[in-house]
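K.L.:
Letter by letter, the chains look like this.
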Amino acid sequence: MADHDRRDPAVRLLVQLIVSTGVWLVTYLFCTSRLAAHDDPPAVRGAIVAVGIAGLLPWVFLTAKAIRGQDEFTRQLRYLALAIAFGVTAVGSFVVDFLHRARLIGEWPITGLWMAMLVIWALTMFAVSRYYR
Amino acid sequence: MKNRLKVLRAERNWSQMELGMRVGVSRQAINAIETGKYDPSLPLALKLARLFDHRVEDIFELEETE
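Respectively, the protein sequence lines represent chains A and B. When you line the first sequence up against our numbering, it's residues 1 to 133, in that order. When you line the second sequence up against our numbering, it's residues 1 to 66, in that order.
Everything labelled a hint here was simulated from the structure, so no lab data went into it. Please note that the accuracy of each hint is not assured.
Distance ranges between label pairs, derived from CB positions [claimed, not checked]: (1) B:GLY36 with A:ALA127: 17 to 27 Å; (2) B:ASP58 with A:TYR28: 46 to 56 Å; (3) A:ASP40 with B:SER41: 43 to 53 Å.
Per the computed footprint, the stretches of chain B lying under chain A, defined by three or more beta-carbons under 8 Å from a beta-carbon of chain A, are [what the hints assert, rightly or not]: (4) 24-31; (5) 39-48.
Please read these numbers as outputs of a predicted model, since none were measured by experiment. C-beta atoms are modelled at their ideal positions from N, C-alpha and C, and glycine is treated no differently.
Construct the entire structure; sequences and hints are all you get.
P.N.:
Here it is as structure tokens:
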């Protein structure tokens, strides 16, 4: 039997998550730099966008699989962290939108939204885990 | 919800980790149940009851305010 078949399922999933994170980063960096540096025709830009989005999907799928594979308590912590991250990001973007409309701050790049949500999710996972430790 | 999990576990000299492994959850889950921070699902409560050979209501009890 090959080594990878004998590996603990949790370790295998972790390796898959690391690989999918790498795939996501590489496709993201390639696609964003390509879109910024080249004036490709719309069909090519559309294809690059598709590649960029496709690069994220394995990470999303594996993250969901990792959460579903946890025991009920850990799963609840992950869902709670996701809910808090969603709420904080929603309220944060609402506040930023109003501040921008009031011309108190400059335009906020939409790219910042999902990045902020990921960071907030990571922070809330840490905070929630500590609270229930 | 109050529970007697810590007492029942202590009677058997099991660690939280050991109890968690017996019912398929993490040590943190057992700790959270014992400290009242987390109410287990019905399947988990039934597993615990079966493991300790008690009825669910002998282990878990609603508080007066619930």
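K.L.:
Find the hints from earlier in the document that the structure breaks and name them by number, from lowest to highest.
P.N.:
none
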